[in-house]
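Respectively, the protein sequence lines represent chains A and B. For the first sequence, my numbering begins at 27 and goes up steadily by one. For the second sequence, my numbering begins at 32 and goes up steadily by one.
Keep in mind that the hints were calculated from the coordinates and are not lab data. Model, not experiment: these values are computed from the prediction. The beta-carbon is built from N, C-alpha and C at its ideal position, and this holds for glycine as well. Heads up, a few of these hints could be off.
[Unchecked claim] Below are the DSS-like pairs computed for lysine-lysine, each with C-alpha atoms no more than 25 Å apart in a straight line: (1) 84/A to 40/B; (2) 45/B to 129/A; (3) 84/A to 94/A.
[Said to hold, decoys possible] Restraint-style ranges between C-beta atoms, simulated for each label pair: (4) 94/A to 106/B: 32 to 42 Å; (5) 71/A to 72/B: 12 to 22 Å; (6) 92/B to 31/A: 38 to 48 Å.
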Amino acid sequence: QQQVKQSPQSLIVQKGGIPIINCAYENTAFDYFPWYQQFPGKGPALLIAIRPDVSEKKEGRFTISFNKSAKQFSLHIMDSQPGDSATYFCAASNSAGGTSYGKLTFGQGTILTVHP
Amino acid sequence: NAGVTQTPKFQVLKTGQSMTLQCAQDMNHEYMSWYRQDPGMGLRLIHYSVGAGITDQGEVPNGYNVSRSTTEDFPLRLLSAAPSQTSVYFCASTSMNFAEQFFGPGTRLTVL
């Protein structure tokens with residue numbers, strides 16, 4: 027069974043800290059790795075995504091680091107703010123054939139709390 | 032654009048009852064899917080569709096049926112609700128040429 031394992035389950039940091047959330051996958055056919063952010067009572071929303079041809083991608087304060095050989099990827103949030111408090115999900119999919127973008131396999135989720 | 036809409040937002044059912052969760056999108060996306068979200072388990076794919084008239088099973092399809100008669104709508108049916116189906120259900124859509132999935136606001140379902 028395809029799996030994506032995410033850790034930690036919860037994370038508390040102070041404002042300005044750099045929380046790091048890690049994910050590991052098993053299926054070497056995965057070629058698309060998005061991170062989704064979810065606020066209470068809302069649906070998940072795409073935050074940032076990476077493909078395995080690069081080792082790092084940065085968008086604003088959010089950075090994905092990707093290690094293809096270890097089958098691991100992580101999300102770093104620079105200068106974290108209380109407004110970043112949310113649940114974060116990593117995910118993976120195999121886009122072969124162009125029909126698999128919608129078949130995301132999600133990690134278990136990380137509840138991030140940023141204290142002021 | 033309204034994006035992805037879901038109704039109802041909340042629902043309480045008794046064991047054995049049936050109901051349909053509605054999902055609609057106005058972005059002309061080919062791909063639509065249903066996920067359920069349970070604490071500590073992330074989101075798990077129930078069923079998905081790559082276009083009108085085409086559906087397939089995801090990771091946890093048992094107890095759920097779907098159909099896709101139009102591009103816009105993708106309802107999820109529970110034929111005989113069970114307490115194990117208590118969850119938050121999300122519908123999502125995406126274009127075949129664009130990887131981002133757009134999620135609806137969710138339906139919180141409780142089965143007593």
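The hints, checked one at a time:
1. 84/A to 40/B: Status violated; Cα separation ~35 Å.
2. 45/B to 129/A: violated, 31 Å
3. 84/A to 94/A: holds, 17 Å
4. 94/A to 106/B: 32 to 42 Å: holds, 39 Å
5. 71/A to 72/B: 12 to 22 Å: Taking Cβ atoms as reference, residue 71/A and residue 72/B lie about 20 Å apart, which means the hint holds.
6. 92/B to 31/A: 38 to 48 Å: violated, 23 Å
In the structure shown, a violation is registered for the earlier hints numbered 1, 2, 6, in ascending order.
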